[in-house]
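Student: These protein sequences, in sequence, are chains A and B.
If you count by my numbering, then the first sequence holds residues 883 to 1163, one letter each, in order.
If you count by my numbering, then the second sequence holds residues 883 to 1163, one letter each, in order.
Think of the hints as simulated: they come from the structure by calculation, not from any bench.
The reader is advised that the hints may include incorrect statements.
[Said to hold, decoys possible] Facing chain A, according to a computed beta carbon distance under 7 Å, are these residues of chain B, among others: (1) P1037; (2) A1045; (3) Q1046; (4) P1061; (5) T1073; (6) G1111; (7) A1115; (8) G1119; (9) T1121.
Since we're looking at a predicted model, the values are computed, not measured.
Beta carbons: idealized from backbone N, C-alpha and C, even for Gly.
There are 2 protein chains.
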Amino acid sequence: MSARYRVACLQMECAVGEPSRNIATAVRLARSAARAGARLLVLPELCNSGYVLASRAEAHALAEPVPDGPASSAFLEVCRETGAYLVAGLAERDGADLYSSAVLYGPDGHLGTYRKLHLWNTENLYFEPGDLGVRVVHTEIGRIGLAVCYDAWFPETFRALAAQRADLVAMPVNWVRGPGDAEGSHPAGVTLAIAAATCNGMSIAVADRVGEERGQRFLGASTLVGPRGQLLAPLAGDTDEQVVAAEIDLEAIRSARTWSPYNHLMHDRRTDVYGPLPTGR
Amino acid sequence: MSARYRVACLQMECAVGEPSRNIATAVRLARSAARAGARLLVLPELCNSGYVLASRAEAHALAEPVPDGPASSAFLEVCRETGAYLVAGLAERDGADLYSSAVLYGPDGHLGTYRKLHLWNTENLYFEPGDLGVRVVHTEIGRIGLAVCYDAWFPETFRALAAQRADLVAMPVNWVRGPGDAEGSHPAGVTLAIAAATCNGMSIAVADRVGEERGQRFLGASTLVGPRGQLLAPLAGDTDEQVVAAEIDLEAIRSARTWSPYNHLMHDRRTDVYGPLPTGR
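Bound-form chain A, shown alone:
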């Protein structure tokens, strides 16, 4: 049985206010990873606009409609050309409203948009909370779930993705150092991704950015987790552009929820105590 494919988390540096440059960087990394065999490419959150926005006017100017904007056009071209699937975190503009979105493209076009449900800190000044629920998209390479950064602090996000039978969650992030991050442990976001993969029997592919923007440093540490919570490749470093890639095996994923003849991670849930899985739709 062949149900394997290669996933690449594309850790890059973004520059706030320079979407053309950011898109060019993303395209370069994506094309290179696809040519090296990756079928699924994941880019960081807000990879077109940059993260540390200074005003609503700036945010509006840097965001773009999806899929009819320049980042979408560029990523669709990469997918058509290479046969890969690509998830990008984008500043999305829809009329007067902005969203921090995760957008999935494939060789045949735009496949789905997810809008970040949980907004972190001053994102609340610029973006609307997502209004499209939790999103899993069915593709030839399997069921791809979408989530963005702070969504991972809410285990319900992954529960809803599991209810929709996601094989893999592609998660663009812009991790910054938080109050619980300490030497000797993984950054909190990495821990949450490993925990979510462990509890839900799914893979999680996280692409973070690096660099500093208006005084804010980003953590890197892009992460590719297997369906038992194992790291499928070493974490990325915290300073450089880097590709974290490994092969994903749908056979391993779709059998990962069965742990023993007595245990299945979903069926062991005590619905009588805390109810059924939310679908998030």
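Based on the hints, put chain B in the right spot on chain A.
Tutor: This is chain B only, laid out in the frame that chain A set:
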């Protein structure tokens, strides 16, 4: 304001089939930690019976009624004598039924029993799934939640404990090596405890056992996590009896869910997408 107290996770070796010896070990550790200033003591799962049971007859013989059994009597005596609170994982017998329970004792008596909701592997041969829901007990030192081992693989456990406003979750465990455990990362249970503390803004005190029993090794790594997911003390090792202790600060815990003027870990939940917190009662 003084709302601090010292917590001690008591990592010990248990011997299957030797409850008197196990209780004596637990009492020795508990008394010593209490005399060193701990107000809350946590002991491992099934610390009276041992874990690797060979038959239902053996399980029935080793389990005891709560609170009218020998382990409860011994632990109540330690609490009365020292003024401490103590959580022990016990094989509990209630008529024909056995439970893997976490029992809370205080200076004034037995305060509450929680019965493990999620049974792992061959535990299903001996124990009934818990029938008392999720349990938080109010005490002079704060709101103490109870959970046992495999419960941590279900994020709903911690969500329900958070809904009941637990300050700290005392979690007896008997961790064994699982399929996702790999060199270079924490054991899965540690990761899940850190993740749960991070998402829920609560402390988690895990007491594991060490040693080998009928060919099964246990992982140690007893863990004390703060309400931002930070380790409050180094993890215990994987071979020796050890006390993992640190001070808990209710001020830090009860303010930990507010991350920024824009963010509160509970209020940021998207109840419109996945519903309210389950209380688990």
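Student: Now, for every hint given, state plainly whether the structure supports it.
Tutor: To see whether the hints hold, each was checked on the structure:
1. P1037: holds (4 Å)
2. A1045: This interface hint is violated because 9 Å lies over the 7 Å limit.
3. Q1046: Not OK, violated: B:Q1046 not within 7 Å of chain A, min 12 Å.
4. P1061: holds (5 Å)
5. T1073: holds (5 Å)
6. G1111: holds (4 Å)
7. A1115: violated (12 Å)
8. G1119: violated (15 Å)
9. T1121: Check failed: Cβ of B:T1121 comes no nearer than 20 Å to chain A, outside 7 Å.
Of the numbered hints given earlier, the model fails hints 2, 3, 7, 8, 9; all others are met.
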